[in-house]
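Could you put together the complete structure from these sequences and hints?
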Amino acid sequence: MSPQAECSTPSYNLNCRMQSEAAALERLCQVVRVRGFRISEMSMSSGGEHLDIALTLEGSRPIAMLRAQLEKLHTVEEVLVQPLSSVRSALG
Amino acid sequence: MNGAQHILDAFHRHNIHTVFGYPGGCIMPLYDALVDDVGVEHVLCRHEQACALAADGFARASGDIGVCIATSGPGATNLITGVANAYMDSIPMLVISGQVPSPLIGTDAFQETDILGMTLGIVKHSYLVDDANALPAIMEEAITLAQSSRPGPVWVDIPKNILLADVAAPIATKAETPESNCPDVAEALAMLRSAKRPLLYSGGGVSLAQAEDSFRQFVQATGMPSVVTLKGIGNPGKGNPYNLGMLGMHGSRAANKAVEECDLLFVIGARLDDRATGKLDGFAPNARMIHIDADAAEINKLRPADLALRGDLNQILDAFTKALSSEPLLISDWQKQCKTWHTTGGFQAADNEESLAPISGPAFVRQLSKIAPDNAVIACDVGQHQMWVAQHYEFDHPRHHLTSGGLGTMGFGLPAAIGAQFADRSSTVINVTGDGSFMMNAQELATIRRYNLPLKLIILDNQCLGMVRQQQELFYNNRESHINLDDNPDFVAMARAFDIPALHIERTDQIRRGIEAILAYDGPMLLHVAISREENVWPIVKPGGSNKEMIDETRRTSASTKEQVA
Numbered sequence: 005m006s007p008q009a010e011c012s013t014p015s016y017n018l019n020c021r022m023q024s025e026a027a028a029l030e031r032l033c034q035v036v037r038v039r040g041f042r043i044s045e046m047s048m049s050s051g052g053e054h055l056d057i058a059l060t061l062e063g064s065r066p067i068a069m070l071r072a073q074l075e076k077l078h079t080v081e082e083v084l085v086q087p088l089s090s091v092r093s094a095l096g
Numbered sequence: 386m387n388g389a390q391h392i393l394d395a396f397h398r399h400n401i402h403t404v405f406g407y408p409g410g411c412i413m414p415l416y417d418a419l420v421d422d423v424g425v426e427h428v429l430c431r432h433e434q435a436c437a438l439a440a441d442g443f444a445r446a447s448g449d450i451g452v453c454i455a456t457s458g459p460g461a462t463n464l465i466t467g468v469a470n471a472y473m474d475s476i477p478m479l480v481i482s483g484q485v486p487s488p489l490i491g492t493d494a495f496q497e498t499d500i501l502g503m504t505l506g507i508v509k510h511s512y513l514v515d516d517a518n519a520l521p522a523i524m525e526e527a528i529t530l531a532q533s534s535r536p537g538p539v540w541v542d543i544p545k546n547i548l549l550a551d552v553a554a555p556i557a558t559k560a561e562t563p564e565s566n567c568p569d570v571a572e573a574l575a576m577l578r579s580a581k582r583p584l585l586y587s588g589g590g591v592s593l594a595q596a597e598d599s600f601r602q603f604v605q606a607t608g609m610p611s612v613v614t615l616k617g618i619g620n621p622g623k624g625n626p627y628n629l630g631m632l633g634m635h636g637s638r639a640a641n642k643a644v645e646e647c648d649l650l651f652v653i654g655a656r657l658d659d660r661a662t663g664k665l666d667g668f669a670p671n672a673r674m675i676h677i678d679a680d681a682a683e684i685n686k687l688r689p690a691d692l693a694l695r696g697d698l699n700q701i702l703d704a705f706t707k708a709l710s711s712e713p714l715l716i717s718d719w720q721k722q723c724k725t726w727h728t729t730g731g732f733q734a735a736d737n738e739e740s741l742a743p744i745s746g747p748a749f750v751r752q753l754s755k756i757a758p759d760n761a762v763i764a765c766d767v768g769q770h771q772m773w774v775a776q777h778y779e780f781d782h783p784r785h786h787l788t789s790g791g792l793g794t795m796g797f798g799l800p801a802a803i804g805a806q807f808a809d810r811s812s813t814v815i816n817v818t819g820d821g822s823f824m825m826n827a828q829e830l831a832t833i834r835r836y837n838l839p840l841k842l843i844i845l846d847n848q849c850l851g852m853v854r855q856q857q858e859l860f861y862n863n864r865e866s867h868i869n870l871d872d873n874p875d876f877v878a879m880a881r882a883f884d885i886p887a888l889h890i891e892r893t894d895q896i897r898r899g900i901e902a903i904l905a906y907d908g909p910m911l912l913h914v915a916i917s918r919e920e921n922v923w924p925i926v927k928p929g930g931s932n933k934e935m936i937d938e939t940r941r942t943s944a945s946t947k948e949q950v951a
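Note that the protein sequences, when read in sequence, are chains A and B. As numbered in my numbering, the first sequence has no gaps in its residue numbers, which increase by one up to the final residue, 96. As numbered in my numbering, the second sequence has no gaps in its residue numbers, which increase by one up to the final residue, 951.
Keep in mind that the hints were calculated from the coordinates and are not lab data. Among these hints, one or two may not hold up.
[To be verified] Below, a list of computed lysine to any residue pairs in the SDA-like style, where the Cα atoms sit at most 25 Å apart: (1) 623(B) with 718(B); (2) 664(B) with 40(A); (3) 664(B) with 65(A); (4) 686(B) with 21(A); (5) 76(A) with 690(B); (6) 664(B) with 84(A); (7) 755(B) with 894(B); (8) 686(B) with 51(A); (9) 76(A) with 686(B); (10) 76(A) with 755(B); (11) 76(A) with 568(B); (12) 724(B) with 938(B); (13) 686(B) with 68(A).
Pasting the structure below:
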């Protein structure tokens, strides 16, 4: 990918809370990939019966579409999305 | 009770009395439990793919959940196409697979596959059971989930040791379905009333929600002209004066013209699939859109809706009907225009019974539509015959038309017909197939014979992969590539080898007698219909093209709908 193209691809922070189950993480990542986004950073913490997953994503498709697809997953409890630029400006 | 017995217990609690499966090593404890269970009829198909497709056909025809069972490894992987088919068309399905014993998972054991990982993208949800005591609750959740909201397949992968283990957990209680609130349709109603050219666009979601009656009452209350998707065929019922039929790639000129000219598109239970919309840029360019669906993720997925309602289609449609009953829409000019388009741009085919000419696929389907009983279930395969049925068969109900819409699975029709026949043993079930599709699950002739199902099989045989040949002719400079099937077996002899009687016809004047003969026969029967190799499905839109650019038989060049219909 050229630097120019890289700059123009929107980025997002996505936080997801899921029920803990055998394939939770794979399920989430599969939907992200199929719906047209690339994971550039990822972290996860486990607390009792749920998992908290934080992803940094890049993709040119509407992020609302991904969010709607993730919310359909039976074990997903909550999805929060923020454009990365607004995250950066809030931090700055 | 052991794990296997708990599975059967779940079947009983949910009135599941028919399952389609194939035994093998790791699923044997469940088959052992079936020996003592007279309340569950297990249908032994001859290939696991057919088990899944038969369960799919059972669910489509009945509206109930379909169940398929296979062992681990190849048994489970053979199910995959059928499960993907159900996923794409939102069919409620429970999939049970055996798995190698828990301690052997991850050791590359005999017949071990990571079926959970392989199938993540084709299931509504899935489970790998790792605790026998969790099994009753998982079964309960799986069966409920498969049928709730937007239905879909739910896969439960169960290690052999779990099937054999004593389960201490209590029998699960049936999950309650939450009631939804009555929707507020006021804003949508105002949009509808302000439209001069509203058009109803309905899909498979209507029958998935079992909202056929509500839909028809709504249609009657509005008098709105309508188009249907492949899976929505039958929604408006037979003889609806404002039904323009199927839209899209092989839709009628009238249907695509109405979409082009409407000023409000009222979408119910449809996902704006690319085969229906064509190139999105040119789709319904003058229309605002109201989108009603059970699945929030379908709203705004491909085209932004001006207004969306998400929820139970019955409740939403009933709310509209109630509001419209006192003051109908004033759209008589638009109705008249659509009827004119339907007359000049509806699906056409010659109906010459007396001719000695070779049989035309569309003419055959129109005859079948006239002769078969109104409640006959037609299970299609995929290809030209599928589109001729969609275009020329007049369906009274969407559950009478079984077709692989989303995945386009060749080999769907025969096992789906088997499933439909088990859903109602007394109904007339007809598998209309092509020579390519038929050979993909031809082994299921043995299943028909074993259970003496009175299925009628019709092969429209053009000795090639007709839909591929057609696209090679039109879009690849007629460079035919690997579509020739002129070395097909003798299908009549083949059927007879399975003790299924068969007839061959090849002339137009034999159509009626052929159809009447198989319908009158008390048992399974096959009709082999030789058709021309060169016949195409018309009209057609080039894949990726706009629906305005339809090509028809007389003008094999792009022409705008405006020129043709107006």
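Hints not upheld, ascending by number: As far as the earlier hints go, 6, 8 and 10 are violated by this structure, in ascending order.
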